[in-house]
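Position in the sequence shown (from 1) plus 1458 gives the number in our numbering.
Since the hints were derived computationally from the structure, they do not count as laboratory data. Warning: the hint list may mix true and false statements.
As a list, the in silico EDC-like pairs of lysine to aspartate or glutamate whose alpha-carbon atoms are at most 20 angstroms apart [what the hints assert, rightly or not]: (1) Lys1571 with Glu1461; (2) Lys1527 with Asp1511; (3) Lys1527 with Asp1488; (4) Lys1527 with Glu1570; (5) Lys1495 with Glu1570; (6) Lys1534 with Asp1463; (7) Lys1534 with Glu1504; (8) Lys1460 with Glu1485; (9) Lys1506 with Asp1488; (10) Lys1460 with Glu1505; (11) Lys1527 with Glu1580; (12) Lys1460 with Asp1538; (13) Lys1571 with Glu1485; (14) Lys1527 with Glu1505; (15) Lys1506 with Asp1538; (16) Lys1507 with Asp1463; (17) Lys1534 with Asp1488; (18) Lys1507 with Glu1461; (19) Lys1534 with Asp1511.
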Amino acid sequence: MKEFDAYHACCNANYQWLWRLLPSQYETGDSFLWQLKHGTLSIYVEEKKAYTDNLVIQQDLFQNLPWLKNFTLYLKRYHDSRSSEVVGFQNNQGIRCRLTHVQSIPHKHSHEKWQMNRLLYETLALCFSLRSK
């Protein structure tokens, strides 16, 4: 139960990071770009509805680094529960994986889902810290 609570706390924190980073009004098709030390981070609004937004977050590096890779995260932003959850990712080989609900998958895959949401948390926190400088 602790892992489940921690997972949802991370998703709720991701919602809050996005709330701080994105403008209060945006529409389907809008995109936002942040300059990072080693590349750029973009957020694309794939679909905006009253209670749920679908966002695509992409990191593009200026050069290949052994410890940091390009990635694309697909997430749902739930306004009623104030939570943002990674629902898919694509790695630098172009493989897109769809992540299912954390309770319905084996432990190994739920750990990967937790890691993707933690990656999102750390990436958004970095963007916010760079923006506020």
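For each hint, the structure was consulted:
Restraint check for Lys1571 and Glu1461: the C-alpha separation of about 12 angstroms stays at or below 20 angstroms, so the hint holds. At roughly 26 angstroms between alpha-carbon atoms, Lys1527 and Asp1511 are farther apart than 20 angstroms, so this suggested pair is violated. The straight-line distance between the Cα atoms of Lys1527 and Asp1488 is roughly 25 angstroms, outside the 20 angstroms bound, and the hint therefore fails. Proximity of Lys1527 to Glu1570 is assessed by CA-CA distance (about 16 angstroms); at most 20 angstroms being required, the pair is judged to hold.
The suggested pairing of Lys1495 with Glu1570 is violated, with an alpha-carbon distance near 26 angstroms, which exceeds 20 angstroms. The suggested pairing of Lys1534 with Asp1463 holds, with an alpha-carbon distance near 18 angstroms, which does not exceed 20 angstroms. Using a Cα cut-off of 20 angstroms, the hinted pair Lys1534 and Glu1504 holds, with the two alpha carbons roughly 10 angstroms apart. In summary, the hint linking Lys1460 to Glu1485 is not supported, as the alpha carbons are separated by about 36 angstroms, beyond the 20 angstroms threshold.
A C-alpha spacing of about 10 angstroms is found between Lys1506 and Asp1488, which places the hinted pair at or below 20 angstroms, so the restraint holds. For the proposed pair Lys1460 and Glu1505, the alpha carbon gap of about 32 angstroms is over 20 angstroms, so the pair is violated. Between Lys1527 and Glu1580 the CA atoms are separated by roughly 14 angstroms; this keeps the pair inside 20 angstroms, and the hint holds. In summary, the hint linking Lys1460 to Asp1538 is not supported, as the alpha carbons are separated by about 23 angstroms, beyond the 20 angstroms threshold.
Straight-line distance between C-alpha atoms of Lys1571 and Glu1485 comes to about 27 angstroms, which puts the hinted pair past the 20 angstroms bound. As the CA atoms of Lys1527 and Glu1505 are separated by approximately 26 angstroms, the hinted pair breaks the 20 angstroms bound. A distance of roughly 14 angstroms separates the Cα atoms of Lys1506 and Asp1538; the hinted pair therefore holds under the 20 angstroms criterion. Note on Lys1507 and Asp1463: the hinted pairing is violated, with a Cα-Cα distance of about 27 angstroms set against a maximum of 20 angstroms.
Under the criterion of a C-alpha separation no larger than 20 angstroms, the hint pairing Lys1534 with Asp1488 is consistent with the structure, at around 16 angstroms. Between Lys1507 and Glu1461, the direct Cα distance comes to roughly 30 angstroms. Violation of the 20 angstroms bound is thereby established for this hinted pair. Taking the CA atoms of Lys1534 and Asp1511, the gap is about 6 angstroms. The hint holds against a cut of 20 angstroms.
Comparing the model with each numbered hint stated earlier shows that hints 2, 3, 5, 8, 10, 12, 13, 14, 16, 18 do not hold.
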